[in-house]
Amino acid sequence: EGKQYTIGVSNTVQGNGWREEMVCAIKAQALASGEVAKLNIAHRNTDAAGQLEDLRNLISAKVDAIVVNPADPAGIKAALEEANKAGIVVVAVDQAVTEPTAYIISNNQEQYAYLGAKWLFQQMGGKGGVVYMRGAAGASADSDRDKGFKKALAEFPDVKVVHEVFTGWQQDQAKQQILDFIATGSPFEGIWTSGIDNVIVDALVESGSKMVPVVGADNAGFVSQLNSVEGLVGAAVTNPGSIGGAGVTLALQILDGKKPAEQTVLVEPELWENATPEGKEKLKSVVDPSLSAEWPVSISIPDWTTYSKEQIIACKGPGE
Amino acid sequence: MSETLTAPSRAPLGRRIKRFMADRPLVPLIILLVALVVILQIMRPGIVNERWIANTVKFAIPLAILAGCQTLTMLTGGIDLSVSTVATMSAFVMASLAGHYGAPAAIVIALIPPLLIGLLNGVGAGIFRVHPLIMTLGTGLIGAGCLQVYQRSVIATGTKIPDFLTWLGTGLTYGFPNALLLFIPIAALIIFTLSRTGFGRLLYAVGDNEKATRLSGVLYGQVIIALYMASSLLAGVAGLLYVGLIKAPSSLSLAEPLLLPSVAAAVVGGTSIFGGRGGYTGTIVGALILTVLTTLLTILQMPEGARRILFGLIILLVTAAYLRIVEDR
Amino acid sequence: MSRLLRRNGWVAGLLALFAVLLVLTKIIQPGYGAGDFGSLARAGLPFAFAVAAQAVVVIAGGIDLSVASMMALTSVTAASMMNGASEEYALFVVPFVLAMGFVLGAVNGILIVVTRVPDIVVTLAMLFVLQGAALLVLDAPGGAAAEWLKASITGTLPFPFLPDAVTAWLPNALVLLVVCLCVVWIPLKRSRLGLSLYAIGSSELAAFRSGVPVARTRIIAYGLAGLFGAMGGLSLTMSTGIGAPIPGPYLMASVAAVVLGGVVLGGGRGGLLGPIIAVFVLRLVRTDLTLMAIDPNVTSIIEGAIMVAVVMFGAFIAIRGRPA
Amino acid sequence: MPALAGRHPRLQSGTIEDGAPLTEELILDASGVAKSYGAVAALRNASLAVRPGEVHALMGANGAGKSTLVKILTGAIHADKGDILIRGKRRDVRSPADARRAGLVPVYQDASLIPDLDIVSNLRLTATPVEPFANWVKELGVPDLDLSEMARDIPLAVLRVLDLARALAVEPDVLLLDEMTAALPANLAERVLDVVRRQSRAGRSVIFISHRFVEISALCDRATVLRDGQTVGVVDMEPGAEERIVELMLGAKIEKQRGFARRQASQADAGTRLSVRNLRVGTKLADVSFELKNGEVAGVVALEGQGQDELFAALSGSLRPSTGTIEADGVPVKFSHPADAIRAGIAYIPGDRTEALLMHRSVRENIALPFSARFRNWGPIGMQKERTIVGRAIERLQIDTRAQGEVQRLSGGNQQKVTIARWIAADARTVLCFDPTRGIDVGTKREIYRLLRELAGQGKSVLFYTSELEEVQLVCDRAIVIFGGKVVDVLPAEIADEAALTRAAYGLPRNATADVGILADLPATNGAAS
Ligand SMILES: Nc1ncnc2c1ncn2[C@@H]1O[C@H](COP(=O)(O)OP(=O)(O)OP(=O)(O)O)[C@@H](O)[C@H]1O
Ligand SMILES: Nc1ncnc2c1ncn2[C@@H]1O[C@H](COP(=O)(O)OP(=O)(O)OP(=O)(O)O)[C@@H](O)[C@H]1O
Ligand SMILES: [Mg+2]
Ligand SMILES: [Mg+2]
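Protein chains in written order, with my numbering: chain A, 1 to 320; chain B, 1001 to 1329; chain C, 2001 to 2324; chain D, 3001 to 3530.
Read the hints as simulated data drawn from the structure, not as lab findings. It is possible that part of the hints are untrue.
Quick list of the computed label-pair ranges, beta carbon to beta carbon [as the list claims (entries may be wrong)]:
| # | chain 1 | residue 1 | chain 2 | residue 2 | range |
| --- | --- | --- | --- | --- | --- |
| 1 | C | N2083 | A | E81 | 18 to 24 Å |
| 2 | D | E3395 | B | F1192 | 25 to 31 Å |
| 3 | D | K3138 | B | L1119 | 34 to 40 Å |
| 4 | D | Q3458 | C | M2252 | 53 to 59 Å |
Virtual Cβ for every residue (Gly too), placed ideally from N, Cα, C.
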């Protein structure tokens, strides 16, 4: 029996499937590890200043480690510094932070966009118009993804962005936007989405428009569409919410004195497409109708998470 | 009552037109709506076709229903900021139960939490006299929290949207959105209630002068409780329709983006935020105006910031122009 | 004396509530000390300014839905101006941003007066306009803040005549807040302009008939809200060291705290002190919930319930207090 | 006909009526003033010429445009047309503050203090010197005013006095009083008249609006009469001038006021409608018992603040009595909400019409309001039936429905009629009328008197509080006099003349022979005494 730690968690987006999965992964991993006595979770919709407050409250609560999904890489530096001074291990998940003492285990957002966009442009035959449906204007994850997208775009000079909108990562907004665009009758050969994907496929089907390749994330709804929707060619790029569980594992390793060689660990995305037979096989194997449509299907990360599917779905932490 | 205001025959034409519009506030609103559509058509020739109109109507309907909640509550000088939470709630509860209990039972059960929140709003605003803005903001928070907790407990069961709701939300019949089957009766009911029923009269009366209604024997609490329960029920129905349209059953922020637009639609449609004045027909046109405006801005290729600035300015412009025309002072 | 208590009873009650919560915090977390209190003050800073902005406008009979956007815009403006600039340059940035807040706020007021569109609609439109402007200034979080600005809200200053044990509980963030608010509010409240604010909120017609320049007073009220909003924006930049173009949760929070603080929606009644205390009560509640490691999903239920319960309680006393 | 004279009233007043030279300096001279609200013309062609040191009455039926003219003269609203000369110079008065600088200070028909500021702050806001203000307040008969009291906590009558004191404190050249005395009890009204008289003696001018002829004839030097927004004549106040004013006001001769046929003695035992025993409400109403019979109009007479407000509030279900019983038709009733009283057939018509009306709604909705109050009537409304019932009530009260779309556009008198029409339409068995003729022109007053008698004739009962003592004999069967929260006397109408009522109202014992004189004479004696 190892030591029993208290781990603090700070998250600033609530009610979104991806973030909910992340929190559940944190709970499940904390439980599965057997090393965590108590989780102290600050989980709400707020900005960097609000996250500073939450982090300081966690410092006041004297936790041993903090797993944080930063609202902004630089904006929470002050509190992370304070945490470090108080001897608290900080692990940032999902996004990097500028505080040098913090450890980072993150999905590579730039790579996420690059991978999907590149595949999409290849599917389009290297030319034609692409609809670029971004996330929330002003969010740092969005601007990271934009870098990746632009990088891929630069490699395909004949691909043009015919329509660029911010969905705000809102399903309804995205659906109305794409339907509006379809109604204009402008030609387009592919759609790249920042993870608001299933409503886009719905819109294509409902409006009776011609099917074009669609790139989205590995959300359960979209993955099942890739398996079932007639004529849909598309790819899901993994962006596992279970990164939260990996963050807990990393934090525990550090607390136990096993510091990683690098301060930053990047989890590289995978791309699952349904254009090739192998891809189809892969997609069949990951589809999971028992998950809610907005949850990413990649509910675990090999080497980093040890919980079972039942545990993450139950979403119970230690002591619950 | 316009029949008594017989315009003098020699008034100049401009003035006559103005007076005509002042008596029929809907006319300038519709003109504004048409103007927006024309601008859209000029900017993207061909966009205004049957399919686009059907889409616009589809998206305007849930907004119009939620804006109906705002209209009703604003008439009494209140506001209902819990509608988006309530709509999301009914959608999520329905989707989580539909698999087990079947669609009809799920829909009925899904409307219970909205009614409870409405009751709470009504008791707070009507009996304890808490300002509705605060009351509904608070219950909205409470509702959102409960929804989160509930979601945790049903996360494993999965969600399902009954085909009927999808049909209603997204389907077309002879080019007309099926949602109109639900919306036309609702709109007719609201309009009738406001103009021809005792309850409707009371809403205007309470918003105009609460003390006077008290002296006339009106039980304020009773009216307000009924009102907020009706508002919540409408929001719940809007949520069911909306989840059929968007098909994102597990979203916990489904209708959140509709909150501010619902207030805006009611106000653009001529309902006074201070109570006593307004009506639902204006609100419907207001919802259409906002929906068209969103399209207009989506189509415009400009930086997101500029787009938002334009959105704000247009809302202001539309409301100001409308007031100018309608106010015959 | 009894009138004094009657008029300020709500504020006194809030203060008592705050004290009780502080004691409670100490019980939950015996280690809770001056440093943690400093964190509380810093956390409360942007909220306090947002609430001050909202309170001024509500007292004058309006409402300002653009507070949060105003904070975002001023914050990104300050952060982008200071990005890569010298420390001294910030001396120019601060007054510039404050003036910008005042002017943009006054624009709110001017639009309300000129277009005669209801305040709630004008400020709703401005919510989008200012937010859009913020995105044009910075399309993603970024920028920087001068070190001295960041330092000015951390730690404590030694006060003459006061023992360290006391100054430790007077964090700079709190001192800054008090100074900023007092510099604007106290002279204002004593002036005819201050009375005019209350007057137009209480009864616009009566104010007009009493010779109050209603339009000008309203414009100034919104200008002041803009000024406080700019202070809020600066405080965001000061605490995060960056500017973020997406508005934080300050709009709803400001309305809630204004009402909790005893300012009557509709205008004419209340002050700044109550809402500011309400801000700290709400912040402390959050601290306590975090310290107790309450299920995060339950916290929003609790926050909502507290808001509703406190206001209902206030209403309940008001009903009971009515003669006969 | 005087209507023609309206075009050049100044000429007429200057040359024909009093023969004064045209060149005489006028402090205020307005001519050709017009103002329309949409289709409603509030003023068509109004003029008003005021000399220094005169008390000038502005007369006119309800809706004639008096208040509108006052608001225009003081910059509260802007005229569509017209010239305003102040001390011979053209001046564009842009706001009340502007008018103040020009020496014109109004007291409007409704209270103008800021409800959420205390008195001191209200004074500071208007830069009114506190010392003279306090003196005037004392002078006007409010001895112990607490200056730190919030305006909203102060009763209406006192607020009116404070409004006046505030105006007086800046020593205006022209004081404009719009129905200043309407909401005042007689004792306070007297003081006001007294003060006005002293203003004119000091060489300042006063424009005085009132529907009470006693006051006009006792106080004013000249009167300008408005009808339908036009000035139709200027009259010097000399004996018999009242007749001429009324004639100008109404455009036709009306018969002299006299008492209305009262209940026959044989109906006296028609049965008790309401019986109030040992009623005690709050601190003001100590112990009141009386009975109200079917088919009776009972007048309530009291000085300001003797508990009459509380009595009416308790009977209408707005306030809960601390002790005592109320019986309706012999059955004990307890009211916790006006709805309970209404169910027992008791309707309350407040004196302040802004408390009773839905200002932005139509006349029709206002009148029909009580119908919808009960839960079972929340459903569809029978529009046809409603139209007939409402139409009948409008006709019966002869409400001017030109601006019926929004009640706020009606004149004060017509608004008052709407508050009464509501309960006629609702067919209330008992009506509690609190000063219903406050600020109402003579013609309308007579209609209301007739109406109340008619109601009684139908077997309904009316409790009628009035601040104008002469009304008691015009309308009531009995007068119930309250003093210090107790019923001190009940007088049958025959002996309830103003003298007797005044004595009783001050709690003096009944003395049939004492001659107190008519009200109008009192100020003179007062002035002599002080
Ligand atoms: N804001 C308004 N909108 C429309 N009509 C108005 C408005 N104000 C006044 N009026 C109309 O102007 C006319 C004159 O009104 P005003 O209040 O001046 O009458 P008044 O002589 O003071 O009557 P009263 O003795 O009843 O107070 C009335 O017919 C009234 O309906
Ligand atoms: N409510 C009323 N009804 C009838 N007459 C009244 C009323 N109030 C006052 N009066 C008359 O006004 C006159 C003046 O009243 P007031 O109380 O001022 O008398 P006073 O003792 O002479 O006081 P003062 O000398 O200070 O003026 C009284 O003689 C009375 O007849
Ligand atoms: Mg008048
Ligand atoms: Mg005397």
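Check your understanding: Should the hint that Q3458 (chain D) and M2252 (chain C) are 53 to 59 Å apart at their CB atoms be regarded as holding?
Key -> 58 Å, holds
inquiry  = Between the beta carbons of E3395 (chain D) and F1192 (chain B), is the distance compatible with 25 to 31 Å?
reply    = 29 Å, holds
task: Just tell me: holds or violated, for the beta carbon distance of K3138 (chain D) and L1119 (chain B) against 34 to 40 Å?
output: Distance hint for K3138 (chain D), L1119 (chain B) is violated at roughly 54 Å.
Supplied distance hint 18 to 24 Å, evaluated on CB atoms of N2083 (chain C) and E81 (chain A)
Since N2083 (chain C) and E81 (chain A) have Cβ atoms about 20 Å apart, the given range 18 to 24 Å holds.
Hint compliance for this structure: hint 3 alone is broken.
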